[in-house]
Amino acid sequence: MKRGMDGLKSLLLVVGGTVALAFLLILMVGGDIPTALGSFLRGIFGSTYAMGEVLVRATPLLLASLGVGIGFKTGFTNLGAEGQLYMGSITITTVAMLFPSLPPLVMIPLVMVLGFFAGGLWALIPGFLKARFSISEIIMTIMLNYVAINLVGILVRTILRDPAYPYPMSPMLTESVHFSQMLLPTRIHGGLPVALVMVIAVYMLLFRSRLGYEMRAVGLNARACRCSGIKVDRAMVLSAMIGGGLAGLAGVGEIAGLHHRLIEGISPGYGYMAIIIALLGKNHPVGILIASLGIAALQVGSMAMQRSAGIPTSIASTIMGAMVLLLVVRDARSRITIVEEGV
Amino acid sequence: MELLIVITTFGAAAIRMAIPLALAGLGESISEKSGLLNIGVEAIMLCGAFFSFITLFFTGSFFLGILAGILGGVSMSMIHALLSIRYKANQTIVGLALNFFALGLTSFLFLMGFGQTTTLPSTPVMSNLPIPLLSKLPLLGGILFSQNLFVYLLLIFMVLTHIWFYKTDFGISLHAVGEHPIAADTAGIRVHSVRYFAALCNGALGGLGGAYLTIVKLGFFQENLTEGKGYIALVTVILGKRRPFGVLGAALIIGGAEALQIRLQTMGTGIPSQLFSMFPYLMTIMALLLTIGSADAPSALGIPYDRDER
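Protein chains in written order, with this note's numbering: chain A, 1 to 343; chain B, 344 to 653.
Just so you know, these hints were derived from the structure itself, not from any lab. All C-beta atoms, glycine included, are put in the ideal place defined by N, C-alpha and C. Errors might be hidden in some of the hints.
Said to hold, decoys possible - If the Cβ cut is set under 8 Å, some of the chain B residues that face chain A in the computed set are: (1) T435; (2) L448; (3) S450; (4) M455.
What the hints assert, rightly or not - Quick look at which bits of chain A chain B covers, simulated, 3 or more residues with Cβ under 8 Å: (5) 25-32; (6) 136-143; (7) 154-165; (8) 267-277; (9) 304-315; (10) 320-327.
Produce the complete structure using the sequences and hints provided.
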């Protein structure tokens, strides 16, 4: 009972600390807190469109952070969701431009599967190198992000370029690769149900399958697993690949549902936010779902705050970082008190 | 003669690219030797870059700018140290969160100070400081001794750290704390103090590396100015096996790649510049592949030390 109260108190501390920081930052730019807060909330709940925007943002975040979460659970610190996402979007663009006449029934599954594999392959490289040669996946995945982003830059200027426009971007992709729009007038698209299905799929994988059990065990203690005959390398590589695949799927969804063409910068750092989301959601699919909605709302709200109250949107990433730091302190504190109680 | 000039300019450029990486890498090496794994080098460098720029902009003093950069870096590394040592938090997570925090904070404060402008506010950059006599040497004079203050600082720090690591008792303490904190503690070494001191060095050197970017190299600041240099600095640490001159060598290799890509970009070949921008990152990956089979991280790297634990 006492510990429950303590837990609540420390959670309030995290929330309170985050809000206090947000208020401080708003005051620092000379903003008025009621105005800023009002525009923040209106930006999220003000209209059907606004609420839809939260879900539109949450779609890639959810997919990518599920992928990151799977990796974290297995002890694979995947910071490369950004690059994996871009590999997915490169793949869908290439396939749609190569085979524009495929019917949607073939096209949509094809681009989803290939996009999944492209993202998976991009994560497979660091996954394999970590499992086989224990090369730091942290650095490898970050470096591959930059490679993928530059690759997009090269492709939209060369072979995937639309010659009709002076800007570096691909031509508009054929209709048959577009996800259907839902709940107009919002911009919600078919990527959202896909992402929600993936929440269940990831839950089943992690907690209801043998492979998932092995992945979680490897994440807890790889050495013990190796001793007890679990194929650690296999679990690691598969976890990296599935995780990367989910991020690749996020990239497919952004093109198929939203942009319908490949442009530079389709992701405003979704892959990096996915890391924060996975940490906030404790790598659990349901936690990740909630955290994705929260972070998406934070972003949409802070964009509204910039429009109507002049508060820079970078307040969002400051808050995200601070939130994780406070949460880390909270977890550590609860661990320390437990030790002191002698439990 | 022509060749000599090319080598000199290229060598000098490679060193200029290597400085921020080498400074931050040196700091991280000290930190990792003590057992503190700080992925937040990016945060340290970014804060160093931002705070030195803003101080230089408003005071016009390079000295205060450098000082502010060091303090900016130290503030980040000390948050990391506090959470890792006092709260025994997961060091990787803290580093990652710090990177996010610093990215948001510096961009927020920058926009707060200057608003959304089309022309970036800029400052004069620090001029070169050729060393009398030595700068007249053929080849080496042009590459090494006609540089800016940071190059000399870097060389001094390299030598000092080398002496610290391998020639002093304090260096032995540092290694002991990172390899076997329990034994170090038993021998009367104050494990946590050594780690805090290592974190302090890390923040100061990384902050200096960041400061170099704004007040020597660029003269302006923009969102995410470091663009992953903090992570590349981590590679120099691994590649250089946490030895001061190893780190310097690794930084020179990657810095050379950077200098080369800028050279190629400005030649106007019609090839998309992204191909060249990719080059240093690919080089880093290659460098990391070279470390296969030679892992020699301190045994207690990333593991919090708890006296009461057995």
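Violations among the numbered hints: none
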